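Asks: The lines below spell out each chain.
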Amino acid sequence: MPEPVIELEGVSLCYRLAKQRIPSFKEYALHWVRGALTYEQLWALRDVTLRVDRGETLGIVGRNGAGKSTLLKVISRVLVPTRGRCLVRGRVAPILELGTGFDYELTGRENVFLNALLLGHSRRSIEERYDAIVDFSGLGDFIRSPVRNYSSGMLARLAFSILTAWTPDVLVLDEFLAVGDVHFLRKCEERLDALKAAGTTMLLVSHMAEAIRTHCRRCVWLDGGRLVADGTPDDVLERYAGANGPPAVTPAPVF
Amino acid sequence: MRDLFLHRDLIWHLVQRDLRVRYRRSTLGLLWTMLQPLLMMLILHVVFSHAFRVELYSYPVYALAGILFWNFFSQSIVASMNSLRGNAAILSKLPVPKAAFPVATVISGVVNLALAMVPLLAILIVTGHPLSWALLFLPVSILLAGLFTLGAGLLLSPLAVFFSDVVELVTVMLTLCMYLTPIFYPMSIVPDQFRWLVRFNPIRSILEVFRDPIYFGKIPPPQHLAVCAVVALVALAIGALAFRRSSDRIPFYI
Ligand SMILES: Nc1ncnc2c1ncn2[C@@H]1O[C@H](COP(=O)(O)OP(=O)(O)OP(=O)(O)O)[C@@H](O)[C@H]1O
Ligand SMILES: [Mg+2]
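Line by line, the protein sequences are chains B and S. Quick note: the first sequence uses our numbering, first residue 1, plus one each step. Quick note: the second sequence uses our numbering, first residue 256, plus one each step.
Keep in mind that the hints were calculated from the coordinates and are not lab data. Just so we're clear, the structure is a prediction, and the values are computed from it rather than from any experiment. For every residue, glycine included, the Cβ atom is placed at its ideal position computed from N, Cα and C. Fair warning: there could be bad hints in the mix.
[Unchecked claim] Label pairs and their computed distance ranges (CB to CB):
#1 LEU370(S) / TYR104(B): 28 to 38 Å
#2 GLU127(B) / TYR312(S): 46 to 56 Å
#3 ARG83(B) / LEU431(S): 36 to 46 Å
#4 ARG213(B) / LEU370(S): 56 to 66 Å
Just need the whole structure built from these sequences, with the hints factored in.
Replies: Next up, the structure:
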């Protein structure tokens, strides 16, 4: 009996861009008095309805600016949709952008604690898992030097090790698998398989068709903020590759 | 709320980090946070104690209690505004309860205020001010001051994300509020026609519940205490509601 973990119903999300730059309260007050406050609306998601069941692995493809990262932010509960309903059951562990939640002046060790605390774990459970995290990251003695000395691959290792030291209900990775080296990718794959076996639902955004094919059983295609295809990776990726339509990358602004 | 509780270890971590920055980064830090109010007290003493000699028998104690309270209140508000601003990148990419940052800031302010009771006690002894059992009531006063300040911080801190000049604006308003609160002057010198301004200033009621045990050596009378508790809880409720309403918009302004 499939059990829905993520349920989106008619989700639309609008970024409001002020036409004038209004960085200060003074200017805001002035514009408001003159009644000259106008906004450009940018609908990054339009009426997205999506259901993902427990244990499913979903790949998300689409052109730059299609709204993939925005969709992941909504599912991670970072952004609240403008319209529609988003229901996610359980704990979400996201890497939306590499390096968020890291303090570059602190050592790797201190960052393990900071990052895991930000993800909502207790100090005790971090201490319990600390050795395993460092071990899996393969950073060795680098764990004692400041994160600002890390390469982006090393940062990715640490971030992934922290994120997957616990078994989240939903794992969200935004273009994450692009930076690791082959050895680490293999370890990642094993870890992802283990999580899958434990029932974690996974969402993966990637511009590499291969990554989607190996990890996902299902794939959706976002274009201009709309879901335009939903099916098996082979199917959707083929249609996506075949569509070299109009070059309009950004969803057209609605006024 | 539940989210905040789940992230309690994070909040405690942020508090510790804050205190460490304040006290360890420079050994001067510790000295300075203690010295600044004492210096301020000395200056006020030199300038005003003669003027207020009838109304206030032990002016330095009166002034120092006021200064410590005001420092806590104003610094916590400005710091909680900066805490949201400074962590904006995290707030737009991780599902952390946004209130964790201002809450941690105010808690570290409370710890700081509690630590400041040490030099205060020293001044009480040096000036020969009678030490009373009422001093043991201070934790309650500090708690009420903390709740009130947290309310104000929650109300104001999201604004700092939406507009870049709000911190300066609030700083100016705080200075204004300072003069409307009997911090370094006695209530009785306020001219009658302006008395209501000071009397109905909610900050005053919080301040007096803090200062009564120190200066008068008495536990605040029940009706003052009741007003103070209501003021603190109403402030907290308004702050929490306002924060909940505006916090969803924070990630959009980064
Ligand atoms: N913080 C923001 N403020 C305003 N507009 C934004 C913001 N973030 C994204 N957008 C807009 O929303 C649309 C969707 O962006 P999103 O980042 O979701 O695209 P994406 O599919 O992840 O693209 P990419 O493949 O380049 O990562 C884009 O048109 C972008 O300009
Ligand atoms: Mg993206």
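Asks: Tell me, which hint numbers fail for this structure?
Replies: Those not satisfied: there are none.
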